[in-house]
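Asks: Sequences and hints are given; from them, build the entire structure.
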Amino acid sequence: MQQITLGEAVNQALREEMRRDERIFIAGEGVGVSIHSGPGATSGLLEEFGPRRVKDTPVSEAGIAGLAVGASVMGLLPVVEIMFNPFFTIAADQIVNHAAKLRYLSGGKSKFPLVVRIKTGAGMGAGCQHSHNLEAWLAHSPGLKVVMPATPADAKGLLKSAIRDENPVIFIEDIILHWVPGPVPEEDYTIPIGVADIKKPGTDVTVVTWSKALGTAFKAAGQLEQEGISVEIVDLRSLVPLDEATVLESVRKTGRLVVLHEATRTGGFGGEIAALAAEKAFDALKAPVLRVTAPDIPVPYSKPLEDFYMPNEADLIEAIKRLF
Amino acid sequence: MDNQEKKKLLRMMLLIRRFEEKLVALSKDPQKFGGMMIVCTGQEAVAAGAGAALLPEDVIVTNHRSHGHLLAKGAEPDLIMAEIFGRRTGYNKGKSGTLHIAAPEVNALCTTTVVGGGIPIAMGTAFAAQYMNKDYVTVCFFGNGASDEGSFHEALNMASLWNLPVIFVCENNVYSGAQRQEEHTKVKDIADRAVAYAMRGEVVDGNDALAVYEAVQRAREECLSGAGPVLIECKTYRWGGHGTADMQLYQPQEEIAGWKEKCPIKKLQADLQQAGVLTEQEFQQMESDVEQIVEQAVRFAEASPWPEPAEALEDVYV
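Just so you know, the protein sequences line up as chains V and E, in that order.
Take the first sequence: its letters are residues 1 to 324, numbered as in full-length UniProt numbering.
Take the second sequence: its letters are residues 1 to 318, numbered as in full-length UniProt numbering.
Simulated from the structure, these hints should not be mistaken for lab results.
These numbers were taken from a predicted model, which means no experiment stands behind them.
Warning: the hint list may mix true and false statements.
[Said to hold, decoys possible] 27 Å max Cα-Cα, derived DSS-like pairs, lysine-lysine:
id	chain 1	residue 1	chain 2	residue 2
1	V	Lys200	V	Lys280
2	E	Lys260	E	Lys8
3	V	Lys321	V	Lys286
4	V	Lys111	E	Lys8
5	V	Lys109	E	Lys260
6	V	Lys200	V	Lys109
[To be verified] Computed footprint of chain V on chain E, listed as stretches where at least three residues anywhere in the stretch have a Cβ under 8 Å from a Cβ of chain V:
id	segment
7	18-24
8	120-128
9	145-158
10	226-235
Backbone N, C-alpha and C define an ideal beta-carbon position, used for all residues, glycine too.
Replies: Spelled out as structure tokens, the structure:
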């Protein structure tokens with residue numbers, strides 16, 4: 001099986017889908033000719049598909065998102081890019097008030113089959129206006145689907161599903177994961193949106209996580225395994241719709257739950273998972289539900305500060321041990 | 001435009017006027033529907049003139065002051081009224097109300113109340129025309145206040161950069177909320193802003209339905225020939241407040257009275273009567289036809305069922 005990075009997997013999904021369906025176009029800042037050196041998620045697409053289908057745009061996030069809303073209601077399948085998650089706030093009116101709500105406002109008559117790809121994540125020393133995981137904001141906007149893959153194989157299959165979905169889908173890619181390789185099937189395949197994946201089975205505690213934090217969960221699970229604690233890792237992959245069944249089944253099996261995410265704590269999506277367990281699996285819990293998250297601060301620049309910001313395996317191990 | 005079409009233009013303005021007068025009356029009756037009505041009284045020539053220049057395949061994107069645009073694009077009065085009554089038979093099953101009606105049947109695809117929010121979307125529907133090589137234009141209606149939004153700048157820049165077939169119709173009714181134009185921008189003519197995007201801008205008498213029709217028709221041809229987009233500023237005036245809850249304490253009475261003298265309906269009526277095209281009897285017939293349409297719409301809406309509460313959960317996702 002090919003070993004490619006998440007960025008390359010996104011590229012492959014875009015390329016294959018664009019070959020399959022002429023209605024798909026991509027647009028964004030530097031999706032054709034980029035200021036970022038090295039291969040990116042959209043590298044080579046301009047050369048293959050030309051400037052009609054690969055639109056480099058002005059630095060206009062509201063314009064980019066509005067382009068997707070308007071083009072999608074006319075039957076096109078836009079895949080637009082917001083370069084970094086904090087810049088989403090400029091596009092938020094178009095995404096939250098329009099992409100998410102216009103179908104409802106039409107009484108179900110119109111549809112907006114668009115994808116907004118957003119790069120995210122701390123760890124690149126870029127500071128808080130480039131690194132800020134805002135997935136909980138998006139998950140709080142009914143009408144959107146929110147996908148956040150952790151592996152290259154999931155990224156390829158989920159992006160294909162996102163492009164083929166008739167709803168607006170927000171597809172959030174961690175920028176560090178863009179450079180991490182993993183096995184990816186070469187054939188055409190999809191992974192359904194709204195289905196979590198048990199990345200590692202276990203019996204003593206459930207860790208629910210997504211995106212880059214999956215790696216942290218694996219490191220912690222490896223160490224705890226040595227100490228006789230068996231960790232089950234549930235990778236949500238999609239926040240909306242949420243695969244409640246897989247989470248609850250795992251919690252009922254292990255009786256313990258820790259939620260791990262890179263985003264800040266207050267109002268983070270981890271609270272939603274904790275509430276889910278409290279509402280629907282309280283009887284199965286042997287210990288309190290814990291959250292391991294970033295502190296409620298902007299992402300700092302300096303390396304030791306940024307490392308402090310990101311929850312690591314020691315934080316997760318410490319939390320899990322408190323449950324026994 | 002031949003005489004028959006001119007009469008249709010007058011009739012459309014009359015329909016918009018009477019339809020909205022009825023809305024205002026109904027909104028004051030708690031037995032009908034509550035809430036503030038946002039109406040375009042005094043500005044009907046913009047909607048009717050632009051609507052007359054468009055074909056069914058053309059798209060409109062409009063804003064909070066939308067009833068006129070929707071009617072002029074061919075939306076059914078019955079279905080608009082039922083939507084405002086909150087009934088299941090309304091255009092959007094009671095999910096939009098007066099403020100957000102979408103009528104995809106007539107390509108009125110988006111009515112947004114986020115000021116300026118529709119402008120990037122109109123750029124997107126126009127992009128789709130170019131991408132699919134289809135001969136339709138998009139008309140985006142917005143007010144003078146919306147031209148102060150960042151979305152206006154982003155969308156006009158992109159539309160111009162890509163030569164998209166979109167007509168930006170700025171309906172300048174002098175006020176942006178309670179602020180007069182000189183209090184919200186130093187720019188005298190919003191059309192001048194087109195210069196910043198290397199786009200053609202044009203000022204039109206927004207109380208002259210024929211002038212609006214001609215300007216939009218001209219812009220439509222330019223757009224279809226690939227020479228778009230165009231920014232048309234229609235100078236007009238809001239007789240009422242922002243909405244019916246607005247006491248208009250900031251609008252001088254003599255100013256309102258002056259603009260009522262320039263009523264777009266009276267103007268076209270007088271022009272047609274002086275030209276011998278329209279008799280008083282024909283005009284009275286027009287009034288009575290329009291009244292019947294409005295009364296029928298109210299009857300349809302009142303006889304329509306309410307949605308079941310659980311229908312609130314439908315239509316979020318495909």
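Asks: Now tell me, hint by hint, if it's right for this structure.
Replies: Structure-based check of all given hints:
1. V:Lys200 with V:Lys280: holds, 23 Å
2. E:Lys260 with E:Lys8: Holds - the C-alpha atoms of lysine 8 of chain E and lysine 260 of chain E are around 22 Å apart, at most 27 Å.
3. V:Lys321 with V:Lys286: holds, 13 Å
4. V:Lys111 with E:Lys8: Violated, because 33 Å separates the two Cα atoms, which is more than 27 Å.
5. V:Lys109 with E:Lys260: Not satisfied, since the Cα-Cα distance of roughly 39 Å exceeds 27 Å.
6. V:Lys200 with V:Lys109: violated, 42 Å
7. 18-24: violated (count 0)
8. 120-128: Since 9 is at least three, the answer is holds.
9. 145-158: Check passed, 6 qualifying residues.
10. 226-235: Violated - the segment 226-235 of chain E has 0 residues with a Cβ nearer than 8 Å to chain V, which falls short of three.
In the structure shown, a violation is registered for the earlier hints numbered 4, 5, 6, 7, 10, in ascending order.
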